[in-house]
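Colleague: The residues making up each chain are set out below.
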Amino acid sequence: MNKPIIEIKNLGKKYNITHQRGGYVALRDILGNIIRNPFRFARHKAKQITGANTREEFWALRNLNIEIKQGEIIGIIGNNGAGKSTLLKILTGITPPTEGEVIMRGKVASLLEVGTGFHPELTGRENIFLNGAILGMTKREIIRKFDEIVAFSGVEKFLDTPVKYYSSGMYVRLAFSVAAYMEPDILLIDEVLAVGDADFQKKCLGKMEDVSKETGRTILFVSHNLSAVKNICKRCILLQKGKIEAFGETGAIIDQYLSSAQSNKKAVHIFDKQNTPVSIDSVSLYDNDGRPQSDLPISENFRIIVEFSCKEKIQDAAISLVFYSSDQEIFLYSTNVDTTGKYGTYEKGQYKAIITIPAFLFNIDHYTFDVMLCTPKITIFGEQKGLSFEIVNINNPRSINFRGKHLGKTAFPLFYEIDQN
Amino acid sequence: MSKTTIIRPKKTLSINDFREIWTYRELLYFFIWRDFKVRYKQTAIGVLWAIFQPFMTMVVFSLFFGKLLKIPSDGIPYPIFVYTGLLFWQFFSSALSETSSVLISNQAIITKVYFPRLILPLSSVATKFVDFAISAVILVGMMIYYNYAPHFMGILVLPILLIITFMAAVGGGLFLAALNVKYRDVRYALPFFIQIMLFLTPVIYPASIAGEYSWLLALNPMMGVIQAARAGLLGATPINWSLIGISFFATAVILAVGVVYFKKVERYFADII
Numbered sequence: 001m002n003k004p005i006i007e008i009k010n011l012g013k014k015y016n017i018t019h020q021r022g023g024y025v026a027l028r029d030i031l032g033n034i035i036r037n038p039f040r041f042a043r044h045k046a047k048q049i050t051g052a053n054t055r056e057e058f059w060a061l062r063n064l065n066i067e068i069k070q071g072e073i074i075g076i077i078g079n080n081g082a083g084k085s086t087l088l089k090i091l092t093g094i095t096p097p098t099e100g101e102v103i104m105r106g107k108v109a110s111l112l113e114v115g116t117g118f119h120p121e122l123t124g125r126e127n128i129f130l131n132g133a134i135l136g137m138t139k140r141e142i143i144r145k146f147d148e149i150v151a152f153s154g155v156e157k158f159l160d161t162p163v164k165y166y167s168s169g170m171y172v173r174l175a176f177s178v179a180a181y182m183e184p185d186i187l188l189i190d191e192v193l194a195v196g197d198a199d200f201q202k203k204c205l206g207k208m209e210d211v212s213k214e215t216g217r218t219i220l221f222v223s224h225n226l227s228a229v230k231n232i233c234k235r236c237i238l239l240q241k242g243k244i245e246a247f248g249e250t251g252a253i254i255d256q257y258l259s260s261a262q263s264n265k266k267a268v269h270i271f272d273k274q275n276t277p278v279s280i281d282s283v284s285l286y287d288n289d290g291r292p293q294s295d296l297p298i299s300e301n302f303r304i305i306v307e308f309s310c311k312e313k314i315q316d317a318a319i320s321l322v323f324y325s326s327d328q329e330i331f332l333y334s335t336n337v338d339t340t341g342k343y344g345t346y347e348k349g350q351y352k353a354i355i356t357i358p359a360f361l362f363n364i365d366h367y368t369f370d371v372m373l374c375t376p377k378i379t380i381f382g383e384q385k386g387l388s389f390e391i392v393n394i395n396n397p398r399s400i401n402f403r404g405k406h407l408g409k410t411a412f413p414l415f416y417e418i419d420q421n
Numbered sequence: 001m002s003k004t005t006i007i008r009p010k011k012t013l014s015i016n017d018f019r020e021i022w023t024y025r026e027l028l029y030f031f032i033w034r035d036f037k038v039r040y041k042q043t044a045i046g047v048l049w050a051i052f053q054p055f056m057t058m059v060v061f062s063l064f065f066g067k068l069l070k071i072p073s074d075g076i077p078y079p080i081f082v083y084t085g086l087l088f089w090q091f092f093s094s095a096l097s098e099t100s101s102v103l104i105s106n107q108a109i110i111t112k113v114y115f116p117r118l119i120l121p122l123s124s125v126a127t128k129f130v131d132f133a134i135s136a137v138i139l140v141g142m143m144i145y146y147n148y149a150p151h152f153m154g155i156l157v158l159p160i161l162l163i164i165t166f167m168a169a170v171g172g173g174l175f176l177a178a179l180n181v182k183y184r185d186v187r188y189a190l191p192f193f194i195q196i197m198l199f200l201t202p203v204i205y206p207a208s209i210a211g212e213y214s215w216l217l218a219l220n221p222m223m224g225v226i227q228a229a230r231a232g233l234l235g236a237t238p239i240n241w242s243l244i245g246i247s248f249f250a251t252a253v254i255l256a257v258g259v260v261y262f263k264k265v266e267r268y269f270a271d272i273i
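Chains as they are written, first to last, in my numbering: chain B, 1 to 421; chain A, 1 to 273.
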């Protein structure tokens, strides 16, 4: 068949942004508003009901035209809010487009999150069936592949233990394994490889690649992990502000993306309220003297300040920062639990976290980082991705030894005591 | 390449929607299985809760309404009279409240995976039906104890009554679930509404006290159902087919409104939930 397996014609998605405080409408808030401001409330309500309320429109995607042939593995990259996830959500059918049309010739499966629908009270065995069914497998299919899935995950021993007692590593491995055994013609993957240990990620990527080579499966792969995109995708789409900026050979597209990402670095990021239990409101970078700065001297400490608000009580959560070096390998995964050893509970309200980063931890390079509030079981309450900063070679006493970049990933100095006996 | 998917902005309600539910029937089964499996985890008496609740309600009601207040019961011993009503009422009310919040509680799945959303409300009503079946055992026990045997028509009418209750719970539940996605007010209003409904439904009193206006009460589907259940199983009164007819009609309207509204807003759940 010569027809493209995925045809996207003139696709667009519009969101109406209503400026509403808080995540959802609760009666208590409304009553509070009525008492404080009865007239404004009545006028507002009348406008809302009659639809006269002016709303801001926002096109997350517009005029998208893409044709993808069978067996291609296409990467989709772009900044936050470029529309990557919206595109996948439309393709999976989770949300409808506002205009345009998509034709997909074949069985479609999507993986927007690992372990979707995993229930903590159910055992590993039970969750394999439940998760498999949610991912679109039939019961017969799951039974047929059950042993392989279990062997791949390596959690045979704990198969009859509720997954709430699993370590987060085991949990992720089991979830990945179920997903790795899906057999659709078209597979849509979003960012799921950001969690889990590196070896296992490679194993999964390898498995996906094998399958697609054997059976001619078509894969669309959204990721911030550029090295993964580089490894498995021949061609790549660069999205920017809801439009296709470029579509072509992966290496060239990644270079184009990186050069535009450089210009995107900022010291203070302020974000719109998000539709998640936790909103990251702002992330800012300050140098040792307390000035907002995104070019940071290698020889000085600097600070990252994260302000976030919880719309509800959040339990067992950790603030996590993931740093990527310019080759897009994870440089450091850091959480506030690293030092306390205890996950925190956050009541509804606003919080501010100050993270101090010691001098010389980062080498001279361009780094991107993600901020999230998440549980050990990879539930993400709120996140912001792809922020960046630059470590620069100024005020560096060690320049005496090195020109440019220090060798190795980190520039952290060790302590030497040298005595003559 | 067996299947072609076309995604367009607007979609109208069509026969395909129901065909789709059929293709996803295994997922429906898995949701029911999950809900049932999870519900009584880490409880000491487990599934006995399904029996314990209606049973204790029956005991308390019999004591207060039957013994002390002496509410008439069409000449039937009050405990079995009220239990028959409670059995159907609790199936309906618990299914309704469970369904109304089913989309919210499955938010994580809805925003990450596509499947026909209708499956979720259907699964929660079905789960409640399993509870109904379990607590029906008590009724059988009581019928033996009080020496009641259902006549032939009673057995025949039972599936119809179950279908009406099921349809009413699904229809009302669909409407409320879809509404709840946008307005969480449902969460506060519904328990109150259900409480009021309990008194407007002949659970603790016989339908006969409404007299010539009973047809009006039959617009409440549960009225016809409970009245017919007592008539069919206990022979309290002859089965009133026209009341069942009215209830059935009212239920069909509720179901149609529920399905149409649900389908209308369904596609935007993931955006606004």
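Don't read these hints as lab results, they were simulated from the structure. For every residue, glycine included, the Cβ atom is placed at its ideal position computed from N, Cα and C. Please note: incorrect hints may appear among the correct ones.
[Claimed, not checked] Here are the computed distance ranges between Cβ atoms for each label pair:
#1 A:ARG19 - B:ASN16: 29 to 39 Å
#2 A:PHE192 - B:ALA151: 46 to 56 Å
#3 A:GLU20 - B:ASN16: 21 to 31 Å
#4 A:ILE272 - B:ILE270: 51 to 61 Å
#5 B:LYS241 - A:PHE52: 54 to 64 Å
Colleague: List, from low to high, the hint numbers that the structure doesn't satisfy.
Modeller: 4
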